[in-house]
Each structure stands twice: as structure tokens, then as C-alpha cells.
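There are 4 protein chains.
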Amino acid sequence: MSTLPTACAPAERNEGNHAKLSPDSPSTQRIRVCVAGYGYWGPQVVRNFHNLQSSEVVAVCDTSSKSLQRAHETYPEIQVTQDFGELVRTSQIDAVAIVTPVRTHYGLAKMALQNGKHVFVEKPFTCTSSQAEELIELAERKNLKIMVDHTFLFTGAVRKIRQLIEDGTLGELYYYDSTRVNLGLFQHDVNVLWDLATHDLSIMDYLIAAKPEAVVATGETHLNGVADVAFMTVYFPRKTIAHINVNWLSPVKVRTTLIGGEKKMVVWNDLEADEKIKIYDRGVQVSNGESLYKLLVSYRSGDMWAPKVEQTEALRNEISYFTECVRNNRRPFNDGEAGLRVVKMLEAADQSLRERGKVVQL
Amino acid sequence: MSTLPTACAPAERNEGNHAKLSPDSPSTQRIRVCVAGYGYWGPQVVRNFHNLQSSEVVAVCDTSSKSLQRAHETYPEIQVTQDFGELVRTSQIDAVAIVTPVRTHYGLAKMALQNGKHVFVEKPFTCTSSQAEELIELAERKNLKIMVDHTFLFTGAVRKIRQLIEDGTLGELYYYDSTRVNLGLFQHDVNVLWDLATHDLSIMDYLIAAKPEAVVATGETHLNGVADVAFMTVYFPRKTIAHINVNWLSPVKVRTTLIGGEKKMVVWNDLEADEKIKIYDRGVQVSNGESLYKLLVSYRSGDMWAPKVEQTEALRNEISYFTECVRNNRRPFNDGEAGLRVVKMLEAADQSLRERGKVVQL
Amino acid sequence: MSTLPTACAPAERNEGNHAKLSPDSPSTQRIRVCVAGYGYWGPQVVRNFHNLQSSEVVAVCDTSSKSLQRAHETYPEIQVTQDFGELVRTSQIDAVAIVTPVRTHYGLAKMALQNGKHVFVEKPFTCTSSQAEELIELAERKNLKIMVDHTFLFTGAVRKIRQLIEDGTLGELYYYDSTRVNLGLFQHDVNVLWDLATHDLSIMDYLIAAKPEAVVATGETHLNGVADVAFMTVYFPRKTIAHINVNWLSPVKVRTTLIGGEKKMVVWNDLEADEKIKIYDRGVQVSNGESLYKLLVSYRSGDMWAPKVEQTEALRNEISYFTECVRNNRRPFNDGEAGLRVVKMLEAADQSLRERGKVVQL
Amino acid sequence: MSTLPTACAPAERNEGNHAKLSPDSPSTQRIRVCVAGYGYWGPQVVRNFHNLQSSEVVAVCDTSSKSLQRAHETYPEIQVTQDFGELVRTSQIDAVAIVTPVRTHYGLAKMALQNGKHVFVEKPFTCTSSQAEELIELAERKNLKIMVDHTFLFTGAVRKIRQLIEDGTLGELYYYDSTRVNLGLFQHDVNVLWDLATHDLSIMDYLIAAKPEAVVATGETHLNGVADVAFMTVYFPRKTIAHINVNWLSPVKVRTTLIGGEKKMVVWNDLEADEKIKIYDRGVQVSNGESLYKLLVSYRSGDMWAPKVEQTEALRNEISYFTECVRNNRRPFNDGEAGLRVVKMLEAADQSLRERGKVVQL
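Protein chains in written order, with the numbering used here: chain A, 975 to 1336; chain B, 975 to 1336; chain C, 975 to 1336; chain D, 975 to 1336.
A few of these clues could be false.
When the alpha-carbon atoms are kept at most 20 angstroms apart in a straight line, the in silico EDC-like pairs for lysine to aspartate or glutamate are as follows [what the hints assert, rightly or not]:
#	chain 1	residue 1	chain 2	residue 2
1	D	1227	C	1236
2	C	1282	A	1277
3	D	1318	D	1108
4	B	1227	A	1236
5	D	1227	C	1309
6	A	1134	A	1248
7	D	1282	B	1277
8	C	1227	B	1246
9	A	1227	B	1114
10	B	1227	A	1255
11	B	1213	A	1324
In case anyone wonders, no lab produced these hints; they're calculated from the structure. Keep in mind it's a predicted model, so treat the numbers as computed, not measured.
Work the whole structure out from these sequences, hints included.
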């Protein structure tokens, strides 16, 4: 029995063996989860696993006793511990949610998989693609699920955009251009690409059917030893180009993505309360005129509309989907492979960045 | 006698032999101008030369008889002609304003200079840096002025930003990040960088004291045989990085530049009617904490203010400045050299674009 | 032959004997016009009568010789004069456009009508309803046309809203709520209601089919001897209520109207470049619940869309329509009666204002 | 010992015997509170009393067992009850927070005061001014505190505006013009004025030193038996005029207040995340010119700035201030008298509304 409401179900592109929403023989047991990491995002993950019918949080794990105390005050009934290793070896839990710094993902996930636990892991998946490949292979071997927390894929906005692409409303994709800037250095161990562009790369991976061909990244390191301003271009086949502008040193917060299609164009402003997505019936038609220099360019400028967008909490949708995948032995579409594809683009971007924008083929 | 109001006078960085605003022995003769090109921008140039006390428009030249008719209807007293060559040989005129497609700039400017006429020329200056260098050398030899129409340098907004940089208000510059997108393919012979990024390159050249080191450009060609979506990074010394996002296929018009400084940050939205420039007392301070992983990052979030910005028409300021430079034998700061610096960056960008983002050293 | 493009034709509610757009036996003679008043708005009126095929400007009249000189410089071929009385007696002109201060409208219009000239007159029509009635009667008797320049009725925005009301898209009208504020004391002889609210009253008169029942106005006089901040409520039958907020002392310019209907709601922001009108599929349904205190209120929150709105200059549409009405002997829908209805509401508002918001029945 | 941080301390206009922030002999006992009403706002009140050092929540009271269950799940240690009467008679509690529908305020508050409990009561204070007067008198007699929850007075925005008025920055006040509209019928027993305008009336009462003279209100009842769209004007001495526009049927949410002063003007947009308050150095100067009709009006158009505004939760500031007032036997500035002044304006507005805008003298 799926608790994921139909309206929230992410459209599935690759039918493959990914989870369906009406599984034939669903398990009805609650998934018992241990959440590792109770910093900024951990409490959100705990709350959502806690509130679902299909899961329960058995334990919260963190190296900081202060964090554990916070967890205990909010959820007196949940066990807290600093010893992840011990806990993961018990049969008390079915799955582990890893909400810790990136550098620890690989170690914790490996330990979990080795002990037969499913893994829900914060983005970006791992520090390197070889770590990701090893984890994927391990999970495969043990028939365990890995889901990478690409939360945006579960928002009403991204799902609406995917629908517009899939049903042909936008037409051939010309470009995807995202600006994601604000004042904030939340990460110490990764640069601004691994922190912010990961969102866009996972969204692109979900929206753009084609495989990326090459990456170019430029940027600069001002304050923290890692790049805090960066720009990234991803070349796709069929002239689709993607561009991401991320910045920890912007005085204003911007979360705007322009998506240009042959037929329609989209502006997604994630900071708008109500009208996050605007679809423009605008475009350009080109035809050859009499002479070489006279192209007949005509602009189409029609209506704009802002469709109502599903407002359910994205993380709730995602975690509900995770428990269904585990209970019904289905592979999530945001699985380890999806996480790996994003890590590969980040690795390429880092390489390009180090050489001031060198083209890196994928 | 300067007709350029003091408030409008562009701040002069390089004192050199550039024009001053209170020249000692000004000529008081009117500059007689021929305007070549009466398409979209030409009428603005004619109107401004016409309205100034220090200049008069003697003739308008265009290959299109329709355009000439339009000119004649508006200014019955001004001579119209299709024969630039004949006109430029007469002693009727002192200067030529070239407001034609880029590919014709070099030929027309050379003819004008050879015949002893000063040149006011539309941006970008020329198609190649060698053309620009030849024209500069020719003007130098004949003691004639070249001014490249980098109109934005004469807006209240850019002048206010330059002042904020020069007086140290912003502190060390971290980045310059411009987005200049809209729906429109106004040019057939140049790509979107030569059309739109030229503005930003001329502004950067004016604002950032240092010499650019390297250029990276990426982009894609969808409709017209030339790139219509492009992204350009310019590396400067001292970790200043500039980035330009230009796009002819955007459903919405954006003209926003973020400028991040060590002390203050600026958002310049040129589409705002009143508050084009906002200065944020925001920033980041970093100090080393106890351990390797604990950098003490503190955010400064203070007031914002929007200074009143000079509203005089920029082109009027610029053309007035041109006539002063000619009358007083001064070199304008937006001279052929400034035009050449911009052309060099565009050439580098084209080279990078062709190789999907190859780094091009300047 | 109508020069008013079909797309621009104002929807006609009262078929009556108002002008149609495909007249059976159109005159093809040019209407010869004298424009009285060449201040702020006069030049716009001259330009439009001048540019149309169906009319020509024979003379411009103003008491200020400076204004006449400006007119002469722009239109050397048009006669200029300070003596309206003399001119209006000649057979040189067919119609008079009165673009002078309100207090002079009655006298000039009367003189024009007495001499057999049609009248196009700036809003508000006259200072008093009895003046308006006298002019209407005079025009009727002499079979002359009066058109009151309610320019907004010829904008794409207002025509689109009228269409949405007429075709039932909005449903029953709940309210019309306009805010029209800015920094500016453009008028010395009338208060802010006569200056700014006139626009809204003429729009309401055009959009709301019912006759207004009562007026309440409040406001205050700070600087100029006349009210510079004012608020006006107009009660209509069937629970439609209109409200107008006008202010000469606002630091920001606002031109926003909310229109609430039973089925859909409209936000018209006239300062938006592209998306002036937004239509919201939002509303409230009320049904009686179990108990007295439990009304079942449900909110409908659906899509928003911004229809493309006709961008032709409103004044051009209006003046073209005027010439057609004159040539084809049709009564314009924005005739003297429309002007009179607005003046009556303004008179009632003045009376209410003087007594600090006393209700004035219409 | 005051727990109210200095930065949050509301500026005190009337020194009287209102609470000071550095009381000489503070009590240090925790205030024991019973919160009556656990609907929409109640949980916020409970959370804040719960989180403060200076208070504890002893019991939550509600007629709905569902609400009580919610309360119990969140705060297992807090007693829940449906019997307010019993609880209020015990010596377990020092104060009562009344967060119930308006019609019950008087009864509950009276019971609390009669039993010697201090009262924190939701806005609007009571249904009638005589109820308010009776409660004030009762509290006075028993030396108990009443605080009316005018939360906005404890926001950084309102406190900053008050400071700008008090230090003379704005100069003489011309007008206060608030728009507070959205889609929502949250109240069944009161009209939109009692629901939404109460906020503005309490803010005006706090900001404008003078006593209001007269009230005019207009509006209409469409759906619910009570006015859902309403407009209210309040006349103050010295030509200060206030206007409030409230609407439950607006497709968009607006929370904007314009405040015009002789020297500066303020736009307060409460929906802005960062720059809620903008101060404009704009205005008008009038001087007499040569003739009667030529007033010399000059516009001043200078800088705008957005001061950083205190972001602490307003309700936290307010509840902390309440406990201080109780502990130190001080009268809060938002006491019963403040609540009564607002109720009197609402009563006058209701009377005016019933007679379609009749002026009601205060």
C-alpha cells in the first residue's frame, strides 16, 4: 500500500525496474531507521521518518553530545548514540539515513550496506565517483537500496517542469540556466559547486534526457580556501546547453532558472511564494529571406501562465517514496546511479576549475 | 566652454592627456557632423548632435533610401545622401559618426580619418583587433580623435559604481557578475557576445583597474548560425573574477549586475525606474577557529541604501563630451584604445567559444 | 473606411446609436482640427491627429507664446495662434480638441459648438454637471459630437478586463479597488480626485454596467489648498463596491487595481511592462455547515494567467475613433453623457469630502 | 532582572507608571500561566511562554478535545483541561492567556481577574467598549495586569518606524495608509475590520501621538453575513489622516503601509524578507509664486535607504515583556486602555459601516 499520494508521485521516465506506485505485493511492515547526523538537515529527516506511517526512527546518531541532547529533548522516545558502528551491527534497524558531512558518506554508507541496511544519503552522494561505484556495486550484490537525497526532484515545481518537457509543451530544449546565489558559507570541506550546484545537476539529470558531453567550470577562491564563486557550463547533445551560477558571496538571495524551449519558455523562481513557475508562450521563428543578410526573424509574444504547483513538503514525498522502495524491493529513480552521475559532473567541474576553465569531456 | 554639466562628468581615472572638463582655451566653433547609418540607433545619435549647442548635423548617410526619407521628414534642413565617399571628401564636415553594422566600421572609419575627420563609432569598435590598431595608429598620425560609443559609461548608474569603487567604499573587488538577456536577435552578422556582452566588457574595462588575464567562453548556436546563448568568464589579477551571461532567447528581459566587494556589495538593476543601484552593507568575515575544520565565519548584514542616480540621457552626455574633446584637442577616455581592449576580449571569447570553453590567455 | 484596427476596437456594450466600426456610408474627407492647449498633454494630441490619415491639425492655440513657439518648431506647417475666438469662427476647421485646464473647458467647448465644431475634450469634462448638461444639449441640438478624452478606455488592459466581465469570466463583480498614487502636484485648480480619480471613475463607468448609488469621500489638504490625499468609495447595486485611493504625496508610484469576481479575480498593474493583467483562478465558496458558527468556507486556488494585451498607443486608438465618429455621424461611447456621469460622481465626492465623509446619494 | 533584550525594548512614549526595563526590585519567580484556546494562534503563545525562563505553562484549556490532544502530544508534561472555570479558581496559576474567539474574551478575562489572575488577551480586546472598561476597572481594583496582544508593536519594523517618528526624521505626519488584503475568511463571528484592521488600529495608536477625532468606514458583505471588504478612514488633529484597506477576497496577499511625512516618507512592506522598511528622502515644497495660479511646487527626490530591522520573533518579545510587567508590578504600554482605544475605533467603524460611511465622531 503506497502512502505516496498519486498527485505527488514523480513521473517515471525510465520504466526499467524502478519503483512503481502501485506495487503488487507490498510489505506492510514499518521501516526502522537510524538517522546519522543531527545538524542542520538531520532534524528535518528525523521529523519526516517519524511522522510517516510507513517508517519509524529507532535511533539518532551524532558525534556531538549537544546535538544528541537536542534530539532527545524533542523525541524522548528515540534512542541517541555516538556509536554508529555498534548500532549498525544490530538487527534493530532496517535502514540508515546519512545526513553528515560529505567526506563521511562513503564510510558510513559502506558500513551500513555491509551490515545489510538500506541507505538514504545526503547529496552529494560521495566525494569521488570510485567511492560511489563501490557502494553501488555493494548494494547491488546485497540487494539493498541506495537513495540519494536529491530533494528538489520531489518538489511540485520540478515535477511540473518535467511534465512540461515530457509532454512536449516546451519543445526541443535550447538551454537550462540557473542562478543560485546568496550570502553563506555553510560548508567547510567542499566548494560552492559541491554545495549549491549539486541541486542543479541533480535537477538537470532528471529533466534532460540526454547524457552530458563536456563540462567547463570557472570560479575563484576568496575567503575560505575553496571556490566561493563559480560558473559551470554543461554541454549536452542536440545543442542543449546548461549553465549554473553559484555564489556564496551574493548580497541578495536568488533562486531563478530559465529554461528555453523551441515552443515555450519557463521561468522558475523558487523564492516566489505562489507563482514559482511561469510559462511563456514566447519564442523566435527564423526563416530565410531574400538575401544572405536578411534573415526573417519573427518573435512570438503570447500569453504567460503560472500553473498551480503542488505544495506538499518535498522531503516528505521523498522519504515516503524511499520507504515504499524498500518495502516493495524497487529501485528508486534517484538511486546510487543518479548520485554517481552528479558526482561525475562535479569531479569534472573541479578538474576544469583547477585549470581555469579547461574543457573536460565526460 | 563645456556644455557637459559637472554632475555628468565621467570620473577620470587616467589623467594622462585625456580631456579635462575645464579646458583652458576652448574652441567655440560648432562641430559639423555627418552621421552614417540611420537604422535603430542612428536617429538617437542625430537627435543628440542636433540638439547640442556645440555641434550640428550637416548630413545623414545611409544605403537605404527609405531610411534617408525618414531622416528627411524629421529634419528637412539636413542633407541626406547615399554616397558617404563623396561627402567625406568635402570640407563641409569635421567629424563622422558611424552607426552602421560592425563589419563596415573599419572601412568607413578609415575613409573618414584619411580625409581628416574625427570619428565617433558605434560599439563594438571593429571586427578585429588589427583593424582597431590600424585605425588608432592612423588617427594618432593625423592628430584626430576616435571615440567608441560605450554609452553605458555615461549613465548615472555606472558612474556611481565607479565612484564607489574609487573611493574605496566597496573594498577589494571579489566579482562582477552580469546577466543581460532578453528575446531578440537584433544582429545578423555578429553573435550574442559581440552584440550584448560588449556593453559589459566596456563597463568592466572602465570599472576594474586591472588588466584581464584570461577568457573562457561557452555557448550554443540554435537559430541563426551564430551563438545566441553565451557565458563568458574573465579572470583578473588579485582574484577578481568577472562573468557575463548573455542570451537572445530569454522569455524575460533581465539587466542585473552583482558586484561583490570585500566591504560592500552592489546590485545594479538597470530595469528599475528609480532605484537602479542598491548598496548592501553585507559581507563575510573569516577567521581561524580552534580546529582545522572550524573556520569562524561571520556574516555582516546591515543597511541597504539606494543612492539617487543622475538621470540625464547618457548619449547626450557622451556626445557632448565628444564635441568637447574635438574642440579642445583632448583624448577621450573611451578612445580607440578602450575600443581595442574590448575587441581583444571579444576575439578571445570567440576563440574560446569555438573550442567549447578553452582557456584563452590575453 | 475605418482606420481603427479591429483588434483595437473598443467592445461596445450599449449598441444604441453609438458608432459602429464598419459604417455603411463613411465620409472620406479629412477632419480638420484645431488643438487648444499645448502644455503637457496637448503635444500628444497634436501628434496623433497629425499622424492619422483621417485627420489633420490645422492650428494650435495657446495663451502662452512660448508654447506656440515649441509647437511651431516641431510642426512648421501648422498655424499657431493665441486667438481661439477668431479661429473657431472660421470655416477652416471641423473640430476642436480642448486640452486646457478644466476651468476653461466649458467656455471653449461652448464657443466651439456654437460655431458648429465637434469637440474632443480633456477629462474631466467640465467643472460642474450643469455645464456638462448645457454642452450636451447644445451639441444635440446642432448634431455635433462631443468626445471626452477618457484615454484609459482605449488601452489593451481596460478592454481586456471589459471582455472578461462581459463574457462572464469573472462572474458577479464583488469589488473594484484602485490605488493610483505618486509624488506630484500637477494641478493647481483641482484636487487630487479631479486629477487622478477621474481615470478610475471613467474606467468604472465603462466596466460596471450598473448605475452608482452613493459616494463617500474622505481626504486631507496638506500643501496646496486642495485635497492632495483622498479615498473614495462608490456603492453600486448588487453589492458591487468600488474604492479609489489617490495621493499626490506618495514616495512611490503605484497604479494597481484589484477586481474581485465570484469566479475569477484580476490584478491590473499598469506599471508592469509586459504582464499588466493577471487573472487568478482563486476564490471562496461558502456553504452552511452543521451549526450556526461553522460555515464551510473553501478556498479555490488554481492557475494564474497573464493574457497578451494589445500594445497600440491608446490615444491613437481614441483619436482615430473620434474621427470615425465625426465622419460617420455616430455617437462615441465616451460621449458627453459619459463625461457627465464622471463629473456627477466627482461633484458628489467633493460634497462628501467637505463634510469629512458624509454619504452622498447619487 | 529583565529578560527583554535592550534592542528589543519597545520605546516608551508615556512614561507614566508603565513598565521600565531595568526595574529596581524584580521578582525572580517564574510566572505560571494557563493558556485558554489552542487553535491557530494558541500553540504560538504556548511555545513562547514555555520557552522563556521567566514563565512556565501549567495548563492548556480548550473546549475541543482534539485540540487538547494535539497540545498533549507536543507537551506531555503540561496539564490539559476543558474546564477553565475550575482551573482558574486554583492557586496553581498566576496568569491566564486568552487566545479564544473574541466573543468569549470578556467572560474568560472577567473570571480570571475575579480570581486574581493577570490577563494576556488576544486582539481585539473585547466585543464592546463597555466590556473593556469593566475589565480595566476590575484589574485596577485588584492591582492585576491586562496586556492586549497587539503583536505588531513588538516587531522590528514597527519599532523602527516609531523611532523615525519620535526622533523627527519623518517630520510632521501627513498620512498613514495601510493595505492588508488576502484570500481568507478566518473569522466567523467578526467582520474583516475586527479581524484585520485591528492590527492597523493598534499600530496607529502606537505611532500617532494624537487622539483620533472621527471615523468613516465603508464596505460590503458578499459571502458570510459579515463585511468581507472594507475601507476605513480615521481623522486625526493637525491634518494627519489614516486609511485602512482590508479585504478577505483578494487574489493576492498585500501587507503594505505608506507613511507620508513632511520630511521623509516610509514604505513598509511586511512581506519582504529582508527590506521591510524603505525610507525615501522625497517630498514636496510649496511656495507662493508671482500669481494666484502659479504655486511654485518643487519635488525633492533623493536617496532611499532600508535600515536593518530587528528580526527577533515579535511574540517572544511581547510575552517576555508581559512576564516582566507582572513580576515587577508595572503597567504595560499595550494595556487594557490601549485595547479599549482600538475597540472604540472598531465600534465607531461598525456604526459608520452600517450607514454606508456616515461620519462618526469619537
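The hints, checked one at a time:
1. D:1227 with C:1236: holds (18 angstroms)
2. C:1282 with A:1277: The hint holds at about 5 angstroms.
3. D:1318 with D:1108: holds (14 angstroms)
4. B:1227 with A:1236: holds (18 angstroms)
5. D:1227 with C:1309: violated (38 angstroms)
6. A:1134 with A:1248: It holds: about 14 angstroms lies between the C-alpha atoms, which stays within 20 angstroms.
7. D:1282 with B:1277: Holds, at roughly 5 angstroms.
8. C:1227 with B:1246: Between residue 1227 (chain C) and residue 1246 (chain B) the Cα gap is close to 12 angstroms, so the pair holds against 20 angstroms.
9. A:1227 with B:1114: Violated, at roughly 48 angstroms.
10. B:1227 with A:1255: The given pair, whose Cα atoms are some 15 angstroms apart, holds under the 20 angstroms limit.
11. B:1213 with A:1324: Measuring from Cα to Cα gives roughly 17 angstroms; hence the hint holds.
Of the numbered hints stated above, those contradicted by the structure are hints 5, 9, listed in ascending order.
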